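Residue numbers for the sequence shown follow full-length UniProt numbering, beginning at 1 and rising by one.
Hints are computed from structural coordinates only; laboratory data are not their basis. Note that the coordinates shown come from a computational prediction; the quantities given were computed from them, not determined experimentally. Take these hints with a grain of salt, some might be off.
Listed below are the simulated EDC-like cross-link pairs for lysine to aspartate or glutamate, each with C-alpha atoms no more than 20 Å apart in a straight line [unchecked claim]: (1) Lys129 <-> Glu144; (2) Lys129 <-> Asp77; (3) Lys129 <-> Asp98.
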Amino acid sequence: MTELSKDGWKNAMRAVCSVYVPVKNPLDSAAWWQRHFGLEWAMPYPPGGEHAILKLAEGQWLHLVETEGDFHSQFRDKLGYEMFRFTFEVREIEHIYDRLRTGGVNVQELQDRGSCGINFVFYDPDGNKFDVNEVVQAHRSPEEAAAVLNYLFAPANG
Numbered sequence: 001m002t003e004l005s006k007d008g009w010k011n012a013m014r015a016v017c018s019v020y021v022p023v024k025n026p027l028d029s030a031a032w033w034q035r036h037f038g039l040e041w042a043m044p045y046p047p048g049g050e051h052a053i054l055k056l057a058e059g060q061w062l063h064l065v066e067t068e069g070d071f072h073s074q075f076r077d078k079l080g081y082e083m084f085r086f087t088f089e090v091r092e093i094e095h096i097y098d099r100l101r102t103g104g105v106n107v108q109e110l111q112d113r114g115s116c117g118i119n120f121v122f123y124d125p126d127g128n129k130f131d132v133n134e135v136v137q138a139h140r141s142p143e144e145a146a147a148v149l150n151y152l153f154a155p156a157n158g
């Protein structure tokens, strides 16, 4: 049971159910997300439609909204870092990272953010910036977590 706050309200926000991403071509973008992440259609794409709707593994919807002109979904923080709008939670981040890199996706280097997990940033074909995260210590055995960290961050044996 959720406790009430001081003013008698409880947290009514349960989850994010939909995310809207600006794209130039919804069908092309949907095909890219399906190819690289295995997303499935949440709703059939209507002929002449203005956005494609894909479904994430836990049921949230990713709306790929046709947009004209210059756009992107990121913004700069106070220190000037270009932020992403949201982070995808994943499992088996090492396989996803390898697949995206070898698949020609624009990805940045992996980061070990300690108790926050392992992250990397990628860009979709329209230049939208996204973050990916797995807290391996929470989702894997200690031995598996150590093996993943070693695989991803140990210097290559030359």
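Against the structure, the hints:
{"no.": "1", "hint": "Lys129 <-> Glu144", "in the structure": "violated, 29 Å"}
{"no.": "2", "hint": "Lys129 <-> Asp77", "in the structure": "holds, 14 Å"}
{"no.": "3", "hint": "Lys129 <-> Asp98", "in the structure": "holds, 18 Å"}
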